[in-house]
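Using the hints provided, position chain P relative to the given structure of chain W.
Those protein sequences? They're chains W and P, same order as listed.
If you read the first sequence in UniProt numbering, its first letter stands for residue 1, the second for the next number, and so on.
If you read the second sequence in UniProt numbering, its first letter stands for residue 1, the second for the next number, and so on.
A couple of the hints might just be wrong.
Because identical chains share one entry, a pair is satisfied inside a single copy or across any pair of copies.
[As the list claims (entries may be wrong)] Straight-line distance between alpha carbons at most 25 Å, and here's what the computed BS3-like set of lysine-lysine pairs gives: (1) 66 x 220; (2) 157 x 179; (3) 154 x 266; (4) 220 x 266; (5) 266 x 210; (6) 46 x 329; (7) 66 x 95; (8) 289 x 156; (9) 220 x 289; (10) 150 x 66; (11) 199 x 66; (12) 154 x 289; (13) 319 x 95; (14) 46 x 289; (15) 266 x 46; (16) 46 x 156.
Hints listed in this document are in silico derivations from the structure and should not be mistaken for laboratory results.
Keep in mind it's a predicted model, so treat the numbers as computed, not measured.
One letter stands for each residue in the lines below.
Protein chains: 2
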Amino acid sequence: MSPIRNISIYFNEIPSDYPIPGQTLITKEETIDIDTVELNGSCLLKTLALSIDPYLRLQMRETHIKSYFPAYEVGEVIYGLGIAVVVRSEREGFKAGDKVYGLLRHQEYHVAMPDSLTPLQVLPPGLPISNAAMLGVGGLAGGSGYMGYKEYAKAKKGQTIFVSTAAGAVGSVVVQLAKRDGLRVIGSAGSEEKVAYMKEIGVDVAFNYKTTDTNAVLAKEGPIDIYWENVGGATLDAALANMQVHGTIIVCGVMSSYNGVEYAHKNLSSIFAKSLHIHGFLYTDLAPKYTEEFYRDFVPLVATGAIKHNEEITRGLDKVGEAMARLQKGENTGKVVVWVADE
Amino acid sequence: MSPIRNISIYFNEIPSDYPIPGQTLITKEETIDIDTVELNGSCLLKTLALSIDPYLRLQMRETHIKSYFPAYEVGEVIYGLGIAVVVRSEREGFKAGDKVYGLLRHQEYHVAMPDSLTPLQVLPPGLPISNAAMLGVGGLAGGSGYMGYKEYAKAKKGQTIFVSTAAGAVGSVVVQLAKRDGLRVIGSAGSEEKVAYMKEIGVDVAFNYKTTDTNAVLAKEGPIDIYWENVGGATLDAALANMQVHGTIIVCGVMSSYNGVEYAHKNLSSIFAKSLHIHGFLYTDLAPKYTEEFYRDFVPLVATGAIKHNEEITRGLDKVGEAMARLQKGENTGKVVVWVADE
Numbered sequence: 001m002s003p004i005r006n007i008s009i010y011f012n013e014i015p016s017d018y019p020i021p022g023q024t025l026i027t028k029e030e031t032i033d034i035d036t037v038e039l040n041g042s043c044l045l046k047t048l049a050l051s052i053d054p055y056l057r058l059q060m061r062e063t064h065i066k067s068y069f070p071a072y073e074v075g076e077v078i079y080g081l082g083i084a085v086v087v088r089s090e091r092e093g094f095k096a097g098d099k100v101y102g103l104l105r106h107q108e109y110h111v112a113m114p115d116s117l118t119p120l121q122v123l124p125p126g127l128p129i130s131n132a133a134m135l136g137v138g139g140l141a142g143g144s145g146y147m148g149y150k151e152y153a154k155a156k157k158g159q160t161i162f163v164s165t166a167a168g169a170v171g172s173v174v175v176q177l178a179k180r181d182g183l184r185v186i187g188s189a190g191s192e193e194k195v196a197y198m199k200e201i202g203v204d205v206a207f208n209y210k211t212t213d214t215n216a217v218l219a220k221e222g223p224i225d226i227y228w229e230n231v232g233g234a235t236l237d238a239a240l241a242n243m244q245v246h247g248t249i250i251v252c253g254v255m256s257s258y259n260g261v262e263y264a265h266k267n268l269s270s271i272f273a274k275s276l277h278i279h280g281f282l283y284t285d286l287a288p289k290y291t292e293e294f295y296r297d298f299v300p301l302v303a304t305g306a307i308k309h310n311e312e313i314t315r316g317l318d319k320v321g322e323a324m325a326r327l328q329k330g331e332n333t334g335k336v337v338v339w340v341a342d343e
Numbered sequence: 001m002s003p004i005r006n007i008s009i010y011f012n013e014i015p016s017d018y019p020i021p022g023q024t025l026i027t028k029e030e031t032i033d034i035d036t037v038e039l040n041g042s043c044l045l046k047t048l049a050l051s052i053d054p055y056l057r058l059q060m061r062e063t064h065i066k067s068y069f070p071a072y073e074v075g076e077v078i079y080g081l082g083i084a085v086v087v088r089s090e091r092e093g094f095k096a097g098d099k100v101y102g103l104l105r106h107q108e109y110h111v112a113m114p115d116s117l118t119p120l121q122v123l124p125p126g127l128p129i130s131n132a133a134m135l136g137v138g139g140l141a142g143g144s145g146y147m148g149y150k151e152y153a154k155a156k157k158g159q160t161i162f163v164s165t166a167a168g169a170v171g172s173v174v175v176q177l178a179k180r181d182g183l184r185v186i187g188s189a190g191s192e193e194k195v196a197y198m199k200e201i202g203v204d205v206a207f208n209y210k211t212t213d214t215n216a217v218l219a220k221e222g223p224i225d226i227y228w229e230n231v232g233g234a235t236l237d238a239a240l241a242n243m244q245v246h247g248t249i250i251v252c253g254v255m256s257s258y259n260g261v262e263y264a265h266k267n268l269s270s271i272f273a274k275s276l277h278i279h280g281f282l283y284t285d286l287a288p289k290y291t292e293e294f295y296r297d298f299v300p301l302v303a304t305g306a307i308k309h310n311e312e313i314t315r316g317l318d319k320v321g322e323a324m325a326r327l328q329k330g331e332n333t334g335k336v337v338v339w340v341a342d343e
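Isolated chain W (complex conformation) (with noise of 0.2 Å):
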């Protein structure tokens, strides 16, 4: 067969702030021969979807700067979670037409990147839930969620969580487990139609943090045992001024801090004289002890309806960097995906 078209997103440029669609990001039309492609003992694949997640705004900065994770060469293709369909093969254990999760390059084709942190896996057949499902409240965003929740909550009937970015593809999940576990969940997000959907998956006290002040909120509804952690700045200040003493602080981003935004908090004072306890944590961190369980326990739950879950699905591989653009601004509902292939 001759080359065919292969849309391709490099990474063009270190955003001072927030990501600027077709100025961070640029999208190639490229070609590939899928047939005669070297693959040199890996694997051709197929994208399916990909998943955009607040962390990958971490990986578009100066390479010199150390982080746990690695940074975006520019002039490089970026790469992401997602789903594929292996095309051709020539490593063991992947055959043509298998369904595989892993880190992907952000192309319509490409031979699989080396292994890392998350190995390529081969999904089973049949999965409960959508691609799409599968890559939020199935995959990163879901199982952060819950591994996060399960490993540090340590929820007791009747306590207060308070839940930042509660309408999201992580918060939903936190919110939802916590009320089945009979806690009060206060939940903040940044729009009216996200204060309808925290609603709707059982926040008690949902607030828009642009229109309504968090602390007036937080010192009425709280103090705050438990605080599930994903933006930063003035909500984590409003959230230390009202935690409970011995509370708990589940830091699972500080999305706030990603995109240039400087905010000097006020009241970390509050760790030592509350005796707070924070645990930061990584999807990978906690993977090896809750994958089992979360497929077991909870993506079941999921397929079934039991927790509900909201997805923003974008077409087409070249709209990567708008997709990431709405997410850093929060400006998307649900999960963010894009759809690359049907399969």
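Below, chain P without anything else, positioned relative to chain W:
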């Protein structure tokens, strides 16, 4: 007997940054008749020595700002931990001549305050260490270092600990405990004199953060398994950047934030990216669990000289304001004690 002099220290004005001697606190020369003053079931105390601690700055705030520490009222005599001798008593368990430890008003003589988190207690006769040492290495400071380290460090031989304010009353205790456990100790402080003292007590890498870049030192000498946090601000940011994955931060104080100095942290994302655990604590929180062990196992090490300590003793109650300012600015060397009277 006719009334005698009773110097008293009043809270005069809420400071906007560092407390100003003669303005934040003012000295009044009052009188008291120690033979006739009403005790109302309490006891009359003659103050011997007062502990000047960093946290006292947190009490010098607007009264509407909630905190675990009550705010001083403007126009009120301030109070803090100290040692006194009982002059007269109507209270069971306290008799004239007993030496007591607890929250004392900053007055030469006063009727004991109602009991609080730190109830007044009678000290056993024949203390193994001096009154001043009992207020420092054998009191709140040493106890905070000992208890916080024992509860949260979970140190393993060969690990690296970074101690901020390592020449201070708390930090110097943590340094020496860590050395006894076979740790490699990095210590920071703000003068060459303090660097010399850090070396004297066993700090392996001692540096002056005012003349050396903390981040550069930690990048070279880290990663840090355990960070003992006394200061916050840029030091915390540098520590976050150089923590080991799964590292522990023990928050004893964030002194840089007490005096109106604001700092926007850039590295809070390390909390989740490195799966860090942060534990804040108060002495009063851990004291029920550790007090017996502290006096049994640790204070004797002070008495024999196996644990070194350093005090800056200022004579005269009217020196409290200056002593507070020196401490907040880090101009002191060693535990700050105001010596009010001999026994």
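A quick look at each hint next to the structure:
Taking the shortest alpha-carbon separations for residue 66 and residue 220, only the inter-copy value of 13 Å comes in at or below 25 Å, while the best intra-copy value is 41 Å. For a Cα distance limit of 25 Å, the shortest separation of residue 157 from residue 179 inside one copy, 9 Å, qualifies, whereas the shortest one across copies, 43 Å, does not. With identical chains, the CA atoms of residue 154 and residue 266 are never at most 25 Å apart, being 27 Å at best within one copy and 29 Å at best between copies. In this homomeric assembly, residue 220 and residue 266 come within 25 Å of each other (Cα to Cα) only inside a single copy, at 20 Å, whereas the closest approach across copies is 30 Å.
In this homomeric assembly, residue 266 and residue 210 come within 25 Å of each other (Cα to Cα) both inside a single copy, at 20 Å, and across copies, at 23 Å. Neither within a single protomer nor between protomers do residue 46 and residue 329 lie at most 25 Å apart by alpha-carbon distance, with minima of 30 Å and 62 Å respectively. Proximity of residue 66 and residue 95 under a CA criterion of 25 Å is satisfied in neither setting, with 37 Å inside one chain copy and 62 Å between copies. Taking identical chains as interchangeable, the C-alpha atoms of residue 289 and residue 156 lie at most 25 Å apart whether they share a chain (22 Å) or sit on different chains (24 Å).
Proximity of residue 220 and residue 289 under a CA criterion of 25 Å is satisfied in neither setting, with 37 Å inside one chain copy and 33 Å between copies. Neither within a single protomer nor between protomers do residue 150 and residue 66 lie at most 25 Å apart by alpha-carbon distance, with minima of 29 Å and 31 Å respectively. For a Cα distance limit of 25 Å, the shortest separation of residue 199 from residue 66 qualifies neither inside one copy, at 40 Å, nor across copies, at 30 Å. Proximity of residue 154 to residue 289 under the C-alpha cut-off of 25 Å is found in both arrangements, the shortest distances being 16 Å within a copy and 22 Å between copies.
Proximity of residue 319 and residue 95 under a CA criterion of 25 Å is satisfied in neither setting, with 29 Å inside one chain copy and 81 Å between copies. In this homomeric assembly, residue 46 and residue 289 never come within 25 Å of each other (Cα to Cα): the closest approach is 30 Å inside a single copy and 60 Å across copies. With identical chains, the CA atoms of residue 266 and residue 46 are never at most 25 Å apart, being 49 Å at best within one copy and 38 Å at best between copies. Taking the shortest alpha-carbon separations for residue 46 and residue 156, neither the intra-copy value of 45 Å nor the inter-copy value of 48 Å comes in at or below 25 Å.
Hints 3, 6, 7, 9, 10, 11, 13, 14, 15, 16, counting from the list given before, are not met by this structure.
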